[in-house]
Amino acid sequence: MTKLMGFNIEIVHKPGKENRAADGLSRLPQTLECTAISVAGVMNLKLILDQQQIDPTLVAMRNKLNEGTEAPVAIVASYLRTNTG
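So that you can map any letter, position 12 of the sequence shown is 11 in numbering that gives the first Met the number 0, and since no number is skipped, the others follow by simple counting.
If you're looking for bench data, these hints aren't it; they were derived computationally from the structure. The structure displayed is predicted, hence computed values, not measured ones. There's no promise every hint is true.
[Unchecked claim] Simulated restraints on C-beta separations:
hint : residue 1 : residue 2 : range
1    : Asn-43    : Glu-66    : 25 to 31 Å
2    : Phe-6     : Asp-54    : 57 to 63 Å
3    : Asn-43    : Lys-63    : 22 to 28 Å
4    : Met-4     : Asp-49    : 52 to 58 Å
5    : Leu-64    : Met-4     : 40 to 46 Å
6    : Ile-53    : Lys-2     : 24 to 30 Å
7    : Ile-47    : Gly-67    : 24 to 30 Å
8    : Asn-43    : Gly-5     : 27 to 33 Å
9    : Gly-5     : Asp-49    : 54 to 60 Å
10   : Asn-43    : Gly-67    : 28 to 34 Å
11   : Lys-45    : Glu-66    : 24 to 30 Å
12   : Lys-45    : Gly-67    : 26 to 32 Å
Glycine is no exception: its CB is placed at the ideal position from the N, C-alpha and C atoms.
All chains should be modelled from the sequences, with the hints used to inform the complete structure.
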């Protein structure tokens with residue numbers, strides 16, 4: 000609508016058979032159809048936790064945390080998360 004504001008236009012109503020496009024559209028059968036184009040997936044947190052347990056870098060960071068060595072991460076509810084930002 001805002002794109003049309005820059006133009007000097009006149010809207011004219013065409014009743015009945017004069018307006019064939021609108022008439023044709025109004026006569027289409029009303030069918031309801033819903034098709035999923037894509038489905039959003041939820042990350043599997045169990046898979047993430049399992050992969051964190053076997054990742055050598057994360058295992059080393061977890062060991063440093065458990066030893067009390069400073070690291071830019073924290074263990075929160077069994078998940079390894081960064082403390083930055």
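Here is what the structure says about each hint:
{"no.": "1", "hint": "Asn-43 - Glu-66: 25 to 31 Å", "verdict": "holds, 30 Å"}
{"no.": "2", "hint": "Phe-6 - Asp-54: 57 to 63 Å", "verdict": "holds, 60 Å"}
{"no.": "3", "hint": "Asn-43 - Lys-63: 22 to 28 Å", "verdict": "holds, 27 Å"}
{"no.": "4", "hint": "Met-4 - Asp-49: 52 to 58 Å", "verdict": "holds, 57 Å"}
{"no.": "5", "hint": "Leu-64 - Met-4: 40 to 46 Å", "verdict": "violated, 60 Å"}
{"no.": "6", "hint": "Ile-53 - Lys-2: 24 to 30 Å", "verdict": "violated, 55 Å"}
{"no.": "7", "hint": "Ile-47 - Gly-67: 24 to 30 Å", "verdict": "holds, 25 Å"}
{"no.": "8", "hint": "Asn-43 - Gly-5: 27 to 33 Å", "verdict": "violated, 51 Å"}
{"no.": "9", "hint": "Gly-5 - Asp-49: 54 to 60 Å", "verdict": "holds, 58 Å"}
{"no.": "10", "hint": "Asn-43 - Gly-67: 28 to 34 Å", "verdict": "holds, 32 Å"}
{"no.": "11", "hint": "Lys-45 - Glu-66: 24 to 30 Å", "verdict": "holds, 27 Å"}
{"no.": "12", "hint": "Lys-45 - Gly-67: 26 to 32 Å", "verdict": "holds, 29 Å"}
Checked against the numbered hints given earlier, the structure breaks hints 5, 6 and 8 and satisfies all the rest.
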